[in-house]
Amino acid sequence: MLEKLVNGFETHLFRNRMWVILSFMLITLFLGYQASQLKMDAAFSKNIPLNHEYMKTYTKHQKDFGGANRIMVSVEDTSGNIFNPEYFETLKQVHDELFFIPGVERSQVKSLYSPSTRFTEVVEDGFAGGPVIPADFRNDEYGLNVVRDNVEKAGIVGRLVSNDYSSAMLTAQLMDFVAKTDEEMAESEGAEKDITTKPLNTIQFAKQLENQLRGKYETETIKIHIIGFAKMAGDVAEGAKGVLLFFLIAILITAVMVYLFSKSLILTVLPLVCSLVAVFWQLGLLTVVGFGLDPMSILVPFLVFAIGVSHGVQMINAVRRRVLDGQNTKAASASAFRSLLVPGGVALLSDTVGFLTLLAIDIGIIRELAISASLGVAVIILTNLILLPLVISYTTIKPEKEDPVKKAKIEGLWRSLSKFATPKYAVIVLVCTAVLYGFGFQQASNIKIGDLQGGAPALHLDSRYNQDTFHITDNYSITTDYMTVIVEATPEACTYHSILNEIDQFEWMVGNTPGVESTASLASVSKRVNAGFNEGNPKWQVLPRTTASLVQAVGRVPTTSGLLNGNCSVMPVFLFLKDHKAETIEVVTAKVKQVAEQLNTDTLQFKLASGPVGVMAATNEAVSEAQLPMMIYVYGAVFVLCLISFRSIKATIAVIVPLYVVSTLAQALMTWLDIGLAVSTLPVIALGVGIGVDYGIYILSTMSGKLTQGMAVQQAYFEALVERGSAVIFTGLTLAIGVSTWFFSALKFQMDMGILLTFMFLVNMLGAIIILPALSAVFWRKPK
Amino acid sequence: MSFRTLRNVVAISLGCLISTAPVHAQFDPLTVQIQPLAESSLVLDIAKAGENLVAVGERGHVLVKQQDWQQVSSPVISQLTKVFFLNEKQGWAVGHDATIIHTEDGGLTWQVQFQSTEVEKPLLDILFFNENEGIAVGAYGLFYRTADGGKHWVQEFHEELLFPEDVSYLADLKAEDEALYLSERSALLPHFNRVIQLADNRLLMVGELGLVATSDDNGVTFVTQPFDYEGSMFNAIETDGAVFVMGLRGHVFKTDKQFSQWQEIALPVKSSINNAYITDSGSLYLVGNAGVVIELDSTDKANIIARRQGENIVAIESDNQGQVWFAGSKGLFQLK
Numbered sequence: 001m002l003e004k005l006v007n008g009f010e011t012h013l014f015r016n017r018m019w020v021i022l023s024f025m026l027i028t029l030f031l032g033y034q035a036s037q038l039k040m041d042a043a044f045s046k047n048i049p050l051n052h053e054y055m056k057t058y059t060k061h062q063k064d065f066g067g068a069n070r071i072m073v074s075v076e077d078t079s080g081n082i083f084n085p086e087y088f089e090t091l092k093q094v095h096d097e098l099f100f101i102p103g104v105e106r107s108q109v110k111s112l113y114s115p116s117t118r119f120t121e122v123v124e125d126g127f128a129g130g131p132v133i134p135a136d137f138r139n140d141e142y143g144l145n146v147v148r149d150n151v152e153k154a155g156i157v158g159r160l161v162s163n164d165y166s167s168a169m170l171t172a173q174l175m176d177f178v179a180k181t182d183e184e185m186a187e188s189e190g191a192e193k194d195i196t197t198k199p200l201n202t203i204q205f206a207k208q209l210e211n212q213l214r215g216k217y218e219t220e221t222i223k224i225h226i227i228g229f230a231k232m233a234g235d236v237a238e239g240a241k242g243v244l245l246f247f248l249i250a251i252l253i254t255a256v257m258v259y260l261f262s263k264s265l266i267l268t269v270l271p272l273v274c275s276l277v278a279v280f281w282q283l284g285l286l287t288v289v290g291f292g293l294d295p296m297s298i299l300v301p302f303l304v305f306a307i308g309v310s311h312g313v314q315m316i317n318a319v320r321r322r323v324l325d326g327q328n329t330k331a332a333s334a335s336a337f338r339s340l341l342v343p344g345g346v347a348l349l350s351d352t353v354g355f356l357t358l359l360a361i362d363i364g365i366i367r368e369l370a371i372s373a374s375l376g377v378a379v380i381i382l383t384n385l386i387l388l389p390l391v392i393s394y395t396t397i398k399p400e401k402e403d404p405v406k407k408a409k410i411e412g413l414w415r416s417l418s419k420f421a422t423p424k425y426a427v428i429v430l431v432c433t434a435v436l437y438g439f440g441f442q443q444a445s446n447i448k449i450g451d452l453q454g455g456a457p458a459l460h461l462d463s464r465y466n467q468d469t470f471h472i473t474d475n476y477s478i479t480t481d482y483m484t485v486i487v488e489a490t491p492e493a494c495t496y497h498s499i500l501n502e503i504d505q506f507e508w509m510v511g512n513t514p515g516v517e518s519t520a521s522l523a524s525v526s527k528r529v530n531a532g533f534n535e536g537n538p539k540w541q542v543l544p545r546t547t548a549s550l551v552q553a554v555g556r557v558p559t560t561s562g563l564l565n566g567n568c569s570v571m572p573v574f575l576f577l578k579d580h581k582a583e584t585i586e587v588v589t590a591k592v593k594q595v596a597e598q599l600n601t602d603t604l605q606f607k608l609a610s611g612p613v614g615v616m617a618a619t620n621e622a623v624s625e626a627q628l629p630m631m632i633y634v635y636g637a638v639f640v641l642c643l644i645s646f647r648s649i650k651a652t653i654a655v656i657v658p659l660y661v662v663s664t665l666a667q668a669l670m671t672w673l674d675i676g677l678a679v680s681t682l683p684v685i686a687l688g689v690g691i692g693v694d695y696g697i698y699i700l701s702t703m704s705g706k707l708t709q710g711m712a713v714q715q716a717y718f719e720a721l722v723e724r725g726s727a728v729i730f731t732g733l734t735l736a737i738g739v740s741t742w743f744f745s746a747l748k749f750q751m752d753m754g755i756l757l758t759f760m761f762l763v764n765m766l767g768a769i770i771i772l773p774a775l776s777a778v779f780w781r782k783p784k
Numbered sequence: 001m002s003f004r005t006l007r008n009v010v011a012i013s014l015g016c017l018i019s020t021a022p023v024h025a026q027f028d029p030l031t032v033q034i035q036p037l038a039e040s041s042l043v044l045d046i047a048k049a050g051e052n053l054v055a056v057g058e059r060g061h062v063l064v065k066q067q068d069w070q071q072v073s074s075p076v077i078s079q080l081t082k083v084f085f086l087n088e089k090q091g092w093a094v095g096h097d098a099t100i101i102h103t104e105d106g107g108l109t110w111q112v113q114f115q116s117t118e119v120e121k122p123l124l125d126i127l128f129f130n131e132n133e134g135i136a137v138g139a140y141g142l143f144y145r146t147a148d149g150g151k152h153w154v155q156e157f158h159e160e161l162l163f164p165e166d167v168s169y170l171a172d173l174k175a176e177d178e179a180l181y182l183s184e185r186s187a188l189l190p191h192f193n194r195v196i197q198l199a200d201n202r203l204l205m206v207g208e209l210g211l212v213a214t215s216d217d218n219g220v221t222f223v224t225q226p227f228d229y230e231g232s233m234f235n236a237i238e239t240d241g242a243v244f245v246m247g248l249r250g251h252v253f254k255t256d257k258q259f260s261q262w263q264e265i266a267l268p269v270k271s272s273i274n275n276a277y278i279t280d281s282g283s284l285y286l287v288g289n290a291g292v293v294i295e296l297d298s299t300d301k302a303n304i305i306a307r308r309q310g311e312n313i314v315a316i317e318s319d320n321q322g323q324v325w326f327a328g329s330k331g332l333f334q335l336k
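Residue numbers (UniProt numbering), protein chains in the order written: chain A, 1 to 784; chain B, 1 to 336.
These aren't lab readings, by the way, just hints derived from the structure by calculation.
Honestly, I wouldn't trust all of these hints.
Keeping only pairs whose Cα atoms sit at most 30 Å apart, straight-line, the calculated DSS-like set for lysine-lysine is [claimed, not checked]:
id, chain 1, residue 1, chain 2, residue 2
1, B, 270, A, 153
2, A, 578, B, 330
3, B, 336, A, 578
4, B, 121, A, 153
5, A, 578, A, 593
6, A, 593, B, 330
7, B, 330, A, 591
8, A, 153, B, 336
9, A, 706, A, 4
10, A, 409, A, 706
11, A, 216, A, 198
12, A, 153, B, 254
Could you put together the complete structure from these sequences and hints?
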């Protein structure tokens, strides 16, 4: 029945081939235009699992405490001492500049120059204090000495001033939405007219940081270090521009390889063009569905191109073989179309479904990747299985007759390869596979979740961004590796000794967890303030039981400290960690949950989590929770599709087992190379399965027909190799070479993906030509 | 009884069993008192107990140094401010919530002798004259005495240490309103920060608002010793020829043992001085807030020998090896 359908489809298509090609051209024009409108787009909220329990707490309190989307700017004086007039002049300008960049939450900008930076000291008759930089500050030696004294009294060394006084810090919180400009208001139409805000454009914001801060103020003596998600995204986007170069290199390599393979210019150009058409469609469709191109998924177009070429090569190979057998190109194309539509379609559908399974992971950026990759793969069905044979049918190709010596040589190779389909070799292969799998499985179970290195994992260690991160962590006592536990209580809760005491107990217990370097909360700060009210005597560093004294102590802590909200019904506990490795985060979150369970009551709840590491904790949990379902879905989809097309459980298993072994080995490789399972690397496994399944399906679809007719396994495999072997091996090699150039990328995650995909392309190909026949030899021992 | 009813009875009683079981254990800070950070969190006093050292601090922490410092469990979670040993076995520690705890084995195990959260005041020092008689002093003139080794504690009010204007105010109030009189009385005396026994058995007590007072009768009555400063005095130490009192904002005074000649010691810092220690060479170490360690030589010249940023130093004592230990807001440490 399927055959009938395909034949009818073929007759219609080839009868109206002109119209079909014309409509393809029109669609390409339209989507090409749409693709040209595509914008780079990175938003912090896309990178976090918004529906995770922790992130619900995070978003609930984001307004009061800011989120994890902060930037830090350290202004360094290379002379090693910031107390000179030129430096303070620059620092003031940088502060003002930062304050006015759209997207900065102005009330949360902190530096020496912000009015909330104050000092207090105990004197005989109570407290004395004021802003660290006084209102009557004169930028001269006397004024700077006053500031230096105040800095020490304010206890901000290590936070706003580096430990060695060589640099000073500015921090700012970013908003998710910014006000539209007047022009933008004028441009907006209809319902949009009433909306006065627009989402913050992170990449543009990062450019402003680069130009207005570093560009303007960095000199011989002043160095500007900037870190934070926005800057990181900007640097990744900058690095992603290099992807274009890799794309060109890959196209070039592929073109040369395809030419060597096909020995025909026209057969080289057509599959490449059709694959590029698929890329245009994919990019255009992104704009149509309202997405931008996220730097993290910039590799998808390349992936689409690669998969397109892989199927295109199968197509031209099929056409060429038929022409060599004496058909004209039109008949050859039509026949190639008929024979490849089903296996190719199944393979591409498996890819599509495989990528769609990534939707199961509730992280915006992975869902975007899922949609853009599955769109891209789905359109390849149209461009390379339909458009390509139609276009080829218009050409006349005269392939050279194959050199008989060479032909014999290749047949010799196929003959030797076909031995894998004999029981003797099959046993050896399967035993080796089993050993390899066992070893891989054991390694794969040690795979690390999360980011394994310091700084931003998407970028190389020696990148400016990561160097800036190290500058800040080395010179200040602060760290970006902190999480906050949100304590939810009733309004005015902080006036009760019992409540603050519980928070203090919580902080102490969690503070005693390995991996926690230090902690801070309203309770512990109030204790120190209380000592301050008692002449600075450390023996009074307690939470006073008298309500009046407690209120007096708590009242000194401003809401800008981030330790309490306006009516002190919410009081975060800060946990500063030694790093953000997954094990550290796991140990700490487990302890928090354990202590919270003991302390939680109806009116007092300790909830995870906010802060950069809080976000990482949620992401790690989402990623590790998603891993198993994702694998089940992707293999489930491949299983069902293979079952439908082969209608044989044996064939299905023969395709899936090599795939599974290879993805296990890929995970083992990740363990060896210290590549953690993170937002950027998780998709690789699903992508790998999607790509790997092509090889198996192409080979087995040729074999299964012959096996059903009763042919011996070895002979069936040999004939499949003759028909499709060269295309399979060729595609594996070409794609692997193309992807391996990513190794030289400026982006660390692209390098990681390059290594993993190269491995996937190559080893899946080997799996399809070695393990698959061995399995077949076992499954179809006796010909029917 | 039919099988069905029997089954129901079983089901119901099982249900009762499950519902009466506690949902989860209540958090008890005492059971988790031993924590790795106790040694490096707020420690407020160190005392010699024979060959050993005993230190006390926040959350009722007690640490004993035999070879290394080891935390031992204590029966309280209130902050402990001071620890005193009469001999190598008998010791007492005091702290917030008017806590008094007692040990009979050199600090390894402790029992509560007195505690009252209603008092809402900390005890700041304790002193025993012999196995039975002792006094404990604290904030707002808090003063307790025992004659039976701490089994019973009796509160005393030291009216003689009130300011003259407060004396007449209280006298008026007592006639009008007994309750208000009692509540006012409990807040009018200065903090008694430290009490020491001098070589001639007199007591010397120092405290808030420039309080320096002596007693010839084990603290039954005190006589104030006036000098020219009104800030708080946190500590006092007796050397061979003199007495030093020390306190707020770098104020350290030296006086003769009759408290008639006073001389202020010039310090290079304005940080409060919390404690002092006589070194083997006869010089004096002063420790205080802002992490200062100052050495006073025999000519009373002050030199800063250490300054630990962001740390307040409260206690100083030497162990049986002659090693000097310091304690404060970041716990126990030695100078390198």
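Evaluated hints:
Distance hint between residue 270 of chain B and residue 153 of chain A is fulfilled; the C-alpha atoms sit about 12 Å from each other, no more than 30 Å. Note on residue 578 of chain A and residue 330 of chain B: the hinted pairing holds, with a Cα-Cα distance of about 18 Å set against a maximum of 30 Å. Annotation: proposed proximity of residue 336 of chain B to residue 578 of chain A holds, straight-line Cα distance about 25 Å (limit 30 Å). Restraint check for residue 121 of chain B and residue 153 of chain A: satisfied, since their Cα atoms lie roughly 29 Å apart, inside the 30 Å limit.
Restraint check for residue 578 of chain A and residue 593 of chain A: satisfied, since their Cα atoms lie roughly 19 Å apart, inside the 30 Å limit. With a C-alpha separation of about 27 Å, the suggested pairing of residue 593 of chain A with residue 330 of chain B holds against the 30 Å cut-off. With a C-alpha separation of about 23 Å, the suggested pair residue 330 of chain B and residue 591 of chain A falls inside the 30 Å cut-off, and the hint holds. Between the alpha carbons of residue 153 of chain A and residue 336 of chain B the distance comes to roughly 26 Å, so the proposed pair stays at or under 30 Å and holds.
A threshold of 30 Å between alpha carbons decides the hint, and for residue 706 of chain A with residue 4 of chain A the separation of about 19 Å falls inside it, so the pair holds. Taken as a hint, the residue 409 of chain A and residue 706 of chain A pair is honoured in the structure, with Cα atoms around 24 Å apart against an allowance of 30 Å. A distance of roughly 27 Å separates the Cα atoms of residue 216 of chain A and residue 198 of chain A; the hinted pair therefore holds under the 30 Å criterion. Straight-line distance between C-alpha atoms of residue 153 of chain A and residue 254 of chain B comes to about 29 Å, which keeps the hinted pair within the 30 Å bound.
Hint compliance for this structure: no hint is broken.
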